[in-house]
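Q: Using the working numbering, the letters of the sequence shown correspond one by one to residues 1 to 188.
The set of hints was computed from the structure by calculation and includes no laboratory data. We put the beta carbon where it would ideally sit given N, CA and C, even for glycine. One thing to keep in mind: the hints can contain errors.
Distance condition first, Cα-Cα at most 25 Å in a straight line; then the derived SDA-like pairs of lysine to any residue [unchecked claim]:
#, residue 1, residue 2
1, K106, L118
2, K106, K126
3, K126, P163
4, K106, L63
5, K106, R59
6, K106, A69
7, K106, G180
8, K71, K106
Label pairs and their calculated CB-CB ranges [as the list claims (entries may be wrong)]:
#, residue 1, residue 2, range
9, K119, R161, 18 to 24 Å
10, A170, P74, 35 to 41 Å
11, A99, Q177, 28 to 34 Å
12, A123, G180, 31 to 37 Å
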Amino acid sequence: MGLNVFGPTNRRLAILIAALLAMPVAAAAQDDPRVIPPPKAQKKLPEAPTKLPKVPADRTRGLDFLFGALKAAPDEDSARHVEARIWALWLQTPSDTAALLMVRAKAALDAQNVDVALKLLDAVIKLRPDYVEAWNRRATIYYLKNDYVRSLGDLQQVLTREPRHFGALAGVGMIMQDMGDDKRALDA
Numbered sequence: 001m002g003l004n005v006f007g008p009t010n011r012r013l014a015i016l017i018a019a020l021l022a023m024p025v026a027a028a029a030q031d032d033p034r035v036i037p038p039p040k041a042q043k044k045l046p047e048a049p050t051k052l053p054k055v056p057a058d059r060t061r062g063l064d065f066l067f068g069a070l071k072a073a074p075d076e077d078s079a080r081h082v083e084a085r086i087w088a089l090w091l092q093t094p095s096d097t098a099a100l101l102m103v104r105a106k107a108a109l110d111a112q113n114v115d116v117a118l119k120l121l122d123a124v125i126k127l128r129p130d131y132v133e134a135w136n137r138r139a140t141i142y143y144l145k146n147d148y149v150r151s152l153g154d155l156q157q158v159l160t161r162e163p164r165h166f167g168a169l170a171g172v173g174m175i176m177q178d179m180g181d182d183k184r185a186l187d188a
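Turn these sequences into a full structure, and let the hints guide you.
A: Spelled out as structure tokens, the structure:
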């Protein structure tokens, strides 16, 4: 029996989750020289920093720099650009195996093979327990399955490792709101 995330009560959630899952892919596509962006008539975004720290040694410094840039962003377009860079850093892992398992987990989730996606994410977490994005993805799947206890447990793991993870903070807020705890939802 497949998970029906597109029912009328979950349509808003499905759109939000799809957007959150697509962010790292969009961020990766920005760095791919083979991807030619469509021409824009809008104002030009500020140039990305020419020196980004390497992963994994400078990951914290890189995130600190990007969060500072996000806070100082002069407009929404600039903030979105910096946000995409943050997602790209969170998605990176020094383990080729973990990266491959993450790609396969996303493909399984896209095909609505939720149990396969969970098993793949379990393997990533066992291999790289320090990799916050594996915890975050698994929390998202548990949320889709209405397993709030496991989702909150994984979100706690994310926030222990990266307290600024706005995707995890949004997830906690959504769970609290679903549970009718609007005060804690706002606090998240």
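Q: State for each hint whether it applies.
A: Evaluation of the provided hints:
Note on K106 and L118: the hinted pairing holds, with a Cα-Cα distance of about 10 Å set against a maximum of 25 Å. A distance of roughly 17 Å separates the Cα atoms of K106 and K126; the hinted pair therefore holds under the 25 Å criterion. Of the pairs offered as hints, the one joining K126 and P163 holds, with about 21 Å between alpha carbons and a cut-off of 25 Å not exceeded. About 24 Å separates the Cα atoms of K106 and L63, which keeps this hinted pair within 25 Å; it holds.
For the hint pairing K106 with R59, the CA-to-CA distance comes to about 23 Å; that is within 25 Å, so the pair holds. A hinted pair counts as satisfied when its Cα atoms are at most 25 Å apart, and K106 with A69 does not qualify at roughly 29 Å. The hinted pair formed by K106 and G180 fails the criterion: a straight-line CA distance of about 30 Å is larger than 25 Å. For the suggested pair K71 and K106, the alpha carbons sit about 30 Å apart, so the restraint of at most 25 Å is broken.
Here the CB-CB span from K119 to R161 is close to 22 Å, well matched to the stated 18 to 24 Å. The supplied range of 35 to 41 Å is broken by A170 and P74, whose beta-carbon atoms lie about 24 Å from each other. A99 and Q177 have their C-beta atoms about 33 Å apart, which keeps the hinted 28 to 34 Å range intact. At roughly 35 Å, the beta carbons of A123 and G180 sit within the given window of 31 to 37 Å.
In this structure, the earlier hints numbered 6, 7, 8 and 10 are contradicted, and the remaining ones agree with it.
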